[in-house]
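Participant: Sequence:
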Amino acid sequence: ADYSKETCPPGQYRNISRALFNIGLNSEQYLKRSIPVDPPCILCPNYTYKYVSGEHINDCKPCDPKYGVSSDDRTVCKCNKVLINPTSYTVYFNLTTGLCEDIPISDINSLNLIYKW
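FYI, the numbering for the sequence shown is 91 to 207, going by the working numbering.
What the hints contain is simulated information worked out from the structure, not anything from laboratory work.
Even for Gly, the Cβ is constructed at its ideal location relative to N, Cα and C.
One should not assume that every hint holds.
[Stated by the list, open to error] Pairwise CB distance ranges, derived in the manner of DEER restraints: (1) Pro-129 - Asn-175: 23 to 33 Å; (2) Thr-177 - Pro-152: 36 to 46 Å; (3) Thr-187 - Asp-163: 33 to 43 Å; (4) Ile-106 - Thr-177: 24 to 34 Å; (5) Pro-152 - Ser-178: 26 to 36 Å; (6) Ile-174 - Pro-99: 35 to 45 Å.
[Unchecked claim] The list that follows gives simulated cross-link-like pairs (lysine to aspartate or glutamate, EDC-like), each with its CA atoms no further than 16 Å apart: (7) Lys-151 - Asp-162; (8) Lys-171 - Glu-191; (9) Lys-151 - Asp-163; (10) Lys-171 - Asp-192; (11) Lys-156 - Asp-192; (12) Lys-168 - Asp-197; (13) Lys-168 - Glu-191; (14) Lys-156 - Glu-191.
Produce the entire structure from the sequences given, and follow the hints as far as they go.
Facilitator: Right, here's the structure in full:
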């Protein structure tokens with residue numbers, strides 16, 4: 091496959107430090123014709139997320155350090171936060187800030203939430 095023309099989907103990045111090379115040539119040919127091939131996309135590290143397409147590990151942002159853990163596909167973080175008043179408040183994951191935020195349940199419809207967990 092020609093990975094260089096594909097963009098990594100949300101939750102994944104391309105680990106350039108593990109670039110593969112054409113190893114089917116002898117050493118003399120290899121030195122003359124070494125052609126790097128982009129490696130396949132891999133999941134962002136644990137405790138990070140990436141909700142946009144892109145190639146770089148820098149696109150994998152950290153989850154909330156107190157309450158966040160990565161989703162299995164690394165596209166969002168799950169918020170493991172216990173609320174004092176769960177009948178009046180809920181917790182949502184803010185994709186922009188990477189934080190797990192409390193919001194009044196009454197405000198849910200008036201907010202343009204990017205993602206709620």
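Participant: Are the hints correct? Go through all of them and say.
Facilitator: Hints and how they fare:
Restraint check, Pro-129 to Asn-175: a C-beta distance of roughly 48 Å breaks the suggested window 23 to 33 Å. Under the hint 36 to 46 Å, the C-beta atoms of Thr-177 and Pro-152, about 31 Å apart, miss the expected range. Against the hinted window of 33 to 43 Å, the Cβ-Cβ separation of Thr-187 and Asp-163 comes to about 20 Å, which falls outside the hint. Distance hint check: the CB atoms of Ile-106 and Thr-177 are about 49 Å apart, inconsistent with the given range 24 to 34 Å.
For the pair Pro-152 and Ser-178, the beta carbons lie near 29 Å from each other, so the given range of 26 to 36 Å is met. Between Ile-174 and Pro-99 the Cβ separation comes to about 37 Å, which falls inside the hinted range of 35 to 45 Å. With a C-alpha separation of about 15 Å, the suggested pair Lys-151 and Asp-162 falls inside the 16 Å cut-off, and the hint holds. A distance of roughly 9 Å separates the Cα atoms of Lys-171 and Glu-191; the hinted pair therefore holds under the 16 Å criterion.
Distance hint between Lys-151 and Asp-163 is fulfilled; the C-alpha atoms sit about 14 Å from each other, no more than 16 Å. Between Lys-171 and Asp-192 the alpha-carbon distance is near 9 Å, which keeps this suggested pair within the 16 Å criterion. With a C-alpha separation of about 13 Å, the suggested pairing of Lys-156 with Asp-192 holds against the 16 Å cut-off. At most 16 Å may separate the alpha-carbon atoms for a hinted pair to count; Lys-168 and Asp-197 exceed this at roughly 21 Å.
Between Lys-168 and Glu-191, the direct Cα distance comes to roughly 11 Å. Compliance with the 16 Å bound is thereby established for this hinted pair. Of the pairs offered as hints, the one joining Lys-156 and Glu-191 holds, with about 11 Å between alpha carbons and a cut-off of 16 Å not exceeded.
Violated hints, in rising order: 1, 2, 3, 4 and 12; the structure is consistent with all others.
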